[in-house]
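K.L.:
Spelled out, the chains give:
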Amino acid sequence: MSRIFRYLIVPALSLCGALLAASVTATAHHSFAPFDLTMEKTISGTVSRFEWTNPHSWIWVDVPNGKGGVDSWAVEGMSPNYLARRGWSKTTLKPGEKVTIVVRPLKSGENGGMFVRATLADGRVLTQTGQPTD
Amino acid sequence: MNRLLVCLVLGASAVGIAQKSSRNAPTPADWANLAKLPDFTGVWELSFGAPPARGSTPPAGRGRGGAPAAPTLTPEYAAKKKAFDANPPEDSEAANCLPPGMPGIMGQPYPMEFLLTPGQVTIVIEAYTQVRHIYTEGRSLPEDPDQTFQGTSVGRWEGDALVVDTVGFSPLTQIDRGVPHSDRMRIHERFRLTDADTMSIETTVVDPVVLAVPFTSTRTLKRHRNWTIAEYVCQENNRNSVDAAGKAGVNLARPGSQIKKD
Numbered sequence: 001m002s003r004i005f006r007y008l009i010v011p012a013l014s015l016c017g018a019l020l021a022a023s024v025t026a027t028a029h030h031s032f033a034p035f036d037l038t039m040e041k042t043i044s045g046t047v048s049r050f051e052w053t054n055p056h057s058w059i060w061v062d063v064p065n066g067k068g069g070v071d072s073w074a075v076e077g078m079s080p081n082y083l084a085r086r087g088w089s090k091t092t093l094k095p096g097e098k099v100t101i102v103v104r105p106l107k108s109g110e111n112g113g114m115f116v117r118a119t120l121a122d123g124r125v126l127t128q129t130g131q132p133t134d
Numbered sequence: 001m002n003r004l005l006v007c008l009v010l011g012a013s014a015v016g017i018a019q020k021s022s023r024n025a026p027t028p029a030d031w032a033n034l035a036k037l038p039d040f041t042g043v044w045e046l047s048f049g050a051p052p053a054r055g056s057t058p059p060a061g062r063g064r065g066g067a068p069a070a071p072t073l074t075p076e077y078a079a080k081k082k083a084f085d086a087n088p089p090e091d092s093e094a095a096n097c098l099p100p101g102m103p104g105i106m107g108q109p110y111p112m113e114f115l116l117t118p119g120q121v122t123i124v125i126e127a128y129t130q131v132r133h134i135y136t137e138g139r140s141l142p143e144d145p146d147q148t149f150q151g152t153s154v155g156r157w158e159g160d161a162l163v164v165d166t167v168g169f170s171p172l173t174q175i176d177r178g179v180p181h182s183d184r185m186r187i188h189e190r191f192r193l194t195d196a197d198t199m200s201i202e203t204t205v206v207d208p209v210v211l212a213v214p215f216t217s218t219r220t221l222k223r224h225r226n227w228t229i230a231e232y233v234c235q236e237n238n239r240n241s242v243d244a245a246g247k248a249g250v251n252l253a254r255p256g257s258q259i260k261k262d
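Top line first, the protein sequences correspond to chains V and E.
Following the numbering used here, the numbering of the first sequence begins with 1 at its first residue and continues without gaps.
Following the numbering used here, the numbering of the second sequence begins with 1 at its first residue and continues without gaps.
Note that these hints are calculated values from the structure, not bench results.
Every residue gets a Cβ at the ideal spot worked out from N, C-alpha and C, and that includes glycine.
Be aware that a few hints might be false.
[To be verified] Examples of chain E residues lying across from chain V (beta carbon under 7 Å, computed):
{"#": "1", "residue": "E90"}
{"#": "2", "residue": "D91"}
{"#": "3", "residue": "A95"}
{"#": "4", "residue": "A230"}
{"#": "5", "residue": "V233"}
{"#": "6", "residue": "C234"}
{"#": "7", "residue": "N238"}
{"#": "8", "residue": "N240"}
{"#": "9", "residue": "A248"}
[Stated by the list, open to error] Over 10 Å on every C-beta distance to chain E, these chain V residues come out as not near it, computed from the model:
{"#": "10", "residue": "K41"}
{"#": "11", "residue": "E97"}
{"#": "12", "residue": "L120"}
Please take these sequences and the hints and turn them into a complete structure.
P.N.:
This is the structure in structure tokens:
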């Protein structure tokens, strides 16, 4: 029984804790209410600006709109404080860089969403979750 | 007679001022004595999802590896909480950058720095750039405190534990989501190291108007010896909001601060 506890229950509890932590984390400053959590939308374009600011980082992406122009999309991410402890820096995304980002879109229908993950031109995948590093 | 009155008033004022500024300058011995206290100094962060220490009882409290804990409310406030939950606002005032105050400020996903100086423990909280001052030189709690976000705290060392009592909270702080506090709320905290880099904080909220029984939860913090506290100015580039009706919003039109500077 104690073996089951140690090898099965404890990891399961840890996972629950991590999942709860993820929700605690995201609700620290604001709720998910403006975002459609049931949907994922993928946008591809060129980074125009990376706001490395509190309380949230914002990635601005020019996305070709099929009419010869671009639409400006805004992607909300975690704070620089949180991200810096998970390997990000103010130069992780640079203006002019090609990027594909998966977002939870704004319910308002505006060109914006909450960051889920990004893929860079070299194939690297960026996430914003996980345990911090020392 | 008038002169006597003036003298009495002046004398009383002088005593009042003297009492306010009577904290002595620390001596070399005071500084040396800090080394005998538990080693709290440094940067700590809530340990989300860490498994409970072997042989320990999982602590209560949401997301801290223990059973979810919720405060037990008096009938009046249970009814209010039920009404709140039936029609909750989409967000809290934190979306407008109002700091949560106590006790919520101690549960943020950002680190805190503990500093020990003679007669005082200072907690520098990264989230919303907040500070708690805990006076440990032996003063009493104020009888009629101002209502502030962090409250007014005094502490004492009991063996290896720092025991802190806090009173006087802004009505803008809350015990839990949808659970306000009365002006009789008191918060009792017990900080101690469970190993070299692990701190346990047991928090008990007492509020005879709102809580049917005291609400106790335990949080575990991990020390991060290589971390420093970063700046967090919530108003820097806050595009989130909640309005008076509880509707949450995101404002994409607001120019970010990084554009304003040129």
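K.L.:
Are any of the numbered hints broken by this structure? If so, which, sorted upward?
P.N.:
none
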